[in-house]
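Under my numbering, the first residue of the sequence shown is numbered 1081, with each subsequent residue one higher.
Source of the hints: derived by calculation from the structure; they are not laboratory data.
Any given hint could turn out to be false.
Said to hold, decoys possible - The calculated lysine to aspartate or glutamate pairs, modelled on EDC-like cross-linking and capped at a C-alpha distance of 20 Å, are:
{"#": "1", "residue 1": "LYS1230", "residue 2": "ASP1214"}
{"#": "2", "residue 1": "LYS1090", "residue 2": "ASP1138"}
{"#": "3", "residue 1": "LYS1269", "residue 2": "GLU1259"}
{"#": "4", "residue 1": "LYS1283", "residue 2": "GLU1243"}
{"#": "5", "residue 1": "LYS1181", "residue 2": "ASP1112"}
{"#": "6", "residue 1": "LYS1283", "residue 2": "GLU1216"}
{"#": "7", "residue 1": "LYS1181", "residue 2": "ASP1138"}
{"#": "8", "residue 1": "LYS1230", "residue 2": "ASP1291"}
{"#": "9", "residue 1": "LYS1181", "residue 2": "ASP1166"}
{"#": "10", "residue 1": "LYS1181", "residue 2": "GLU1243"}
{"#": "11", "residue 1": "LYS1230", "residue 2": "ASP1218"}
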Amino acid sequence: MQVLIVEDDKETSQFVARGLREIGHNVTIAGDGRDGLFQATEGCFDAIIVDRMLPGLDGLSMVRMLRAGGNSTPVLMLTAIASIADRVEGLEGGADDYLVKPFAFSELAARISALGRRPAVATQAEPARIVVGDIELDLHRRMVHRAGRKVVLQPREFALLAELMRNPHRVMTRTMLLERVWDFDFDPKTNIVETHLSRLRSKLNAGFADDAIETVRGAGYMIRGA
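Taking the hints into account, I'd like the entire structure generated from these sequences.
Rendered as structure tokens:
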């Protein structure tokens, strides 16, 4: 795997880089957020490890800018900021995984390997295009159209819609969406799902009389076809 490490602490970056190289990965190091953003944008990486507290451009802002630009490279956020609220913010901001310092290298290596497997599995397991009713979602180009009209979504909104469209006519519970869209195996006790669904609905339903997403009271959410 090609791995980019964005970390301003040289001891940490060298430690992680040495360990990853010993198990066969190719590693590039950036020492601040701006260089990391440039490297991630210009290079081709299978995974990115980002420290949250970085000079020049903090790690969370860097990841948000990557996602806004359409870069979907898996990101592991590595940080000493450990509260649940911070973890939620990091994952909402576009990170795919979150590991708190101090950490065991064996766990970091396992998480990076797992992130590296995700794109290949997704490509083989499902078609590039999903259509439900008048909504068309292109997984490869990360584009959404409703009745031919382009709908611009943020990365997490896109992932949420994709999960609903993979399961048409099926009620998706809040717990299922937390696990599949945010990779949470716990309830963060926030309105993260409801907030993103509200934003998704406002964009998806603009100019249309009917709501594309049905709320099943006391159960969850569902997309119905025509």
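Each hint, compared with the structure:
Distance restraint check for LYS1230 and ASP1214: the Cα-Cα separation of roughly 12 Å lies within the 20 Å cut-off, and the hinted pair is therefore satisfied. Simply put, LYS1090 and ASP1138 have alpha-carbon atoms about 16 Å apart, close enough for the 20 Å limit, and the pair holds. Under the criterion of a C-alpha separation no larger than 20 Å, the hint pairing LYS1269 with GLU1259 is consistent with the structure, at around 14 Å. With a C-alpha separation of about 17 Å, the suggested pairing of LYS1283 with GLU1243 holds against the 20 Å cut-off.
Restraint check for LYS1181 and ASP1112: the C-alpha separation of about 18 Å stays at or below 20 Å, so the hint holds. Of the supplied pair hints, the one linking LYS1283 and GLU1216 holds, its CA atoms being roughly 14 Å apart against a limit of 20 Å. The suggested pairing of LYS1181 with ASP1138 holds, with an alpha-carbon distance near 17 Å, which does not exceed 20 Å. Under the criterion of a C-alpha separation no larger than 20 Å, the hint pairing LYS1230 with ASP1291 is consistent with the structure, at around 16 Å.
Distance check on the hinted pair: LYS1181 and ASP1166 sit about 13 Å apart at the alpha-carbon level, within 20 Å; holds. Distance restraint check for LYS1181 and GLU1243: the Cα-Cα separation of roughly 31 Å exceeds the 20 Å cut-off, and the hinted pair is therefore not satisfied. About 11 Å separates the Cα atoms of LYS1230 and ASP1218, which keeps this hinted pair within 20 Å; it holds.
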